[in-house]
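What follows is the residue order along each chain.
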Amino acid sequence: MYRVYFLLLSLLIFSGCMNPLVRVMPYEKEYLAQDKMKLSPLPERAEQEGHIFLIREASAGGESTFQGGCGCR
Amino acid sequence: MKILITLILSAAALFATPNVGDKEIPFVLPGLYQNHMKVSSQELHGKVILLNLWASWCSGCQEEMPLFVNLQNRYSKDKFQIILVNIDSERQNGIDFLRSVDPQQLLSALYDRDKSLPKAYRCPGMPSSFLIDQKGNIAGVYIGSFDKEGLQTLEKQITKLLGK
Numbered sequence: 026m027y028r029v030y031f032l033l034l035s036l037l038i039f040s041g042c043m044n045p046l047v048r049v050m051p052y053e054k055e056y057l058a059q060d061k062m063k064l065s066p067l068p069e070r071a072e073q074e075g076h077i078f079l080i081r082e083a084s085a086g087g088e089s090t091f092q093g094g095c096g097c098r
Numbered sequence: 018m019k020i021l022i023t024l025i026l027s028a029a030a031l032f033a034t035p036n037v038g039d040k041e042i043p044f045v046l047p048g049l050y051q052n053h054m055k056v057s058s059q060e061l062h063g064k065v066i067l068l069n070l071w072a073s074w075c076s077g078c079q080e081e082m083p084l085f086v087n088l089q090n091r092y093s094k095d096k097f098q099i100i101l102v103n104i105d106s107e108r109q110n111g112i113d114f115l116r117s118v119d120p121q122q123l124l125s126a127l128y129d130r131d132k133s134l135p136k137a138y139r140c141p142g143m144p145s146s147f148l149i150d151q152k153g154n155i156a157g158v159y160i161g162s163f164d165k166e167g168l169q170t171l172e173k174q175i176t177k178l179l180g181k
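For the protein sequence lines, the chains are X and Y, in the order given.
Going by the numbering used here, the residue at position 31 of the first sequence is 56; the numbering climbs one at a time, nothing skipped.
Going by the numbering used here, the residue at position 6 of the second sequence is 23; the numbering climbs one at a time, nothing skipped.
Excised from the complex, chain X in its bound form (with noise of 0.2 angstroms):
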């Protein structure tokens, strides 16, 4: 019984690690795409900061300077 028990409250805590409650979602980046939440005033220069970020962390990019930040492509 104890051992159900152990299994319902680490479903319940793993739960918190759930992709849609720890990530914001493609369709929730709304006001993330707007340009003046771009950190670079400058397209092109936030375009270069980009691939030395994406390069140097090997990130999976998604950032604002790429396709509004909305996860695209």
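Accuracy of the hints is not assured; some may be wrong.
Here are the simulated SDA-like pairs of lysine to any residue, each with C-alpha atoms no more than 25 angstroms apart in a straight line [unchecked claim]:
1) Y/LYS132 to X/VAL49
2) Y/LYS132 to Y/ASN52
3) X/LYS61 to Y/ASP131
4) Y/LYS40 to Y/GLY180
Just some of the chain Y residues that point at chain X, by a computed CB distance under 7 angstroms [as the list claims (entries may be wrong)]:
5) TRP74
6) ILE104
7) SER106
8) ARG108
9) PRO135
10) CYS140
11) GLY142
12) MET143
What follows is a set of in silico ranges between Cβ atoms, one per label pair, in the way DEER data are often shown [what the hints assert, rightly or not]:
13) Y/PRO35 to X/TYR56: 36 to 46 angstroms
14) Y/MET54 to X/ASN44: 32 to 42 angstroms
15) Y/LYS136 to X/ASP60: 21 to 31 angstroms
16) Y/GLY63 to X/MET26: 45 to 55 angstroms
None of these hints come from the bench; they were simulated from the model.
Heads up, the beta-carbon is just placed ideally off N, CA and C, and yes, glycines get one too.
Assemble the complex: chain X is given as a structure, and chain Y must be docked to it using the hints.
Okay, now just chain Y, sitting in the frame of chain X:
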């Protein structure tokens, strides 16, 4: 432990984007241009539908919209219809953009302010498109914007579905 893994895997499947062969998610949504005009997924059965979830702030959505106008131009709306579902917070933003690309209102546009459809489809990207066959089954899932090559593949699939 096995039970835990099974439960986690089934929970993961529950939160995954629908696949080809799954049933479409039913909806009733108002028109983008006319709020009083409601369209339900039920009344679209019998046609091949390309359900496109888009927003005016999404640059990928803006890129593919002219391609959709050309695509709809090539097919009769009785057989194949593109249904655009706009998820902008401000309806007018969607209308303004769509009027600039599709002044003849060739594309059917609906409005989903609550983003209920992208939530239900659990869209991993914007735009997301779903090809739905005449019986309401999902025949294709396309995440991200279409380019010309992607559109050719889509057209082949539409022709295949219409030829059935």
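Comparing the hints with the structure gives:
1. As the CA atoms of Y/LYS132 and X/VAL49 are separated by approximately 14 angstroms, the hinted pair is consistent with the 25 angstroms bound.
2. Straight-line distance between C-alpha atoms of Y/LYS132 and Y/ASN52 comes to about 16 angstroms, which keeps the hinted pair within the 25 angstroms bound.
3. Among the hinted pairs, X/LYS61 with Y/ASP131 is consistent with the structure: their alpha-carbon atoms are about 24 angstroms apart, no more than 25 angstroms.
4. About 21 angstroms separates the Cα atoms of Y/LYS40 and Y/GLY180, which keeps this hinted pair within 25 angstroms; it holds.
5. Hint status for Y/TRP74: holds, given a least beta-carbon distance of 4 angstroms to chain X, under 7 angstroms.
6. Here the hint on Y/ILE104 is kept, as its CB sits about 6 angstroms from the closest CB of chain X, short of 7 angstroms.
7. A least Cβ separation of about 6 angstroms between Y/SER106 and chain X falls short of the 7 angstroms threshold, and the interface hint therefore holds.
8. Here the hint on Y/ARG108 is broken, as its CB sits about 13 angstroms from the closest CB of chain X, past 7 angstroms.
9. Using the Cβ-Cβ criterion of 7 angstroms, the hint placing Y/PRO135 at the interface with chain X is satisfied: the shortest such distance is roughly 4 angstroms.
10. Interface restraint check for Y/CYS140: the shortest CB-CB distance to chain X comes to about 6 angstroms, inside 7 angstroms, so the restraint holds.
11. For Y/GLY142, the interface hint holds, since its Cβ comes within 7 angstroms of a Cβ in chain X; the closest pair sits about 5 angstroms apart.
12. Against a cut-off of 7 angstroms between C-beta atoms, the interface hint on Y/MET143 holds, since the closest Cβ of chain X lies about 4 angstroms away.
13. One distance hint, 36 to 46 angstroms for the beta-carbon pair Y/PRO35 and X/TYR56, is violated here, with the actual separation near 27 angstroms.
14. In this structure the hint that Y/MET54 and X/ASN44 lie 32 to 42 angstroms apart at CB holds, the actual value being about 35 angstroms.
15. A hinted range of 21 to 31 angstroms for the beta carbons of Y/LYS136 and X/ASP60 is consistent with their spacing of about 26 angstroms.
16. Taking 45 to 55 angstroms as the suggested C-beta distance range, the pair Y/GLY63 and X/MET26 conforms, at roughly 53 angstroms.
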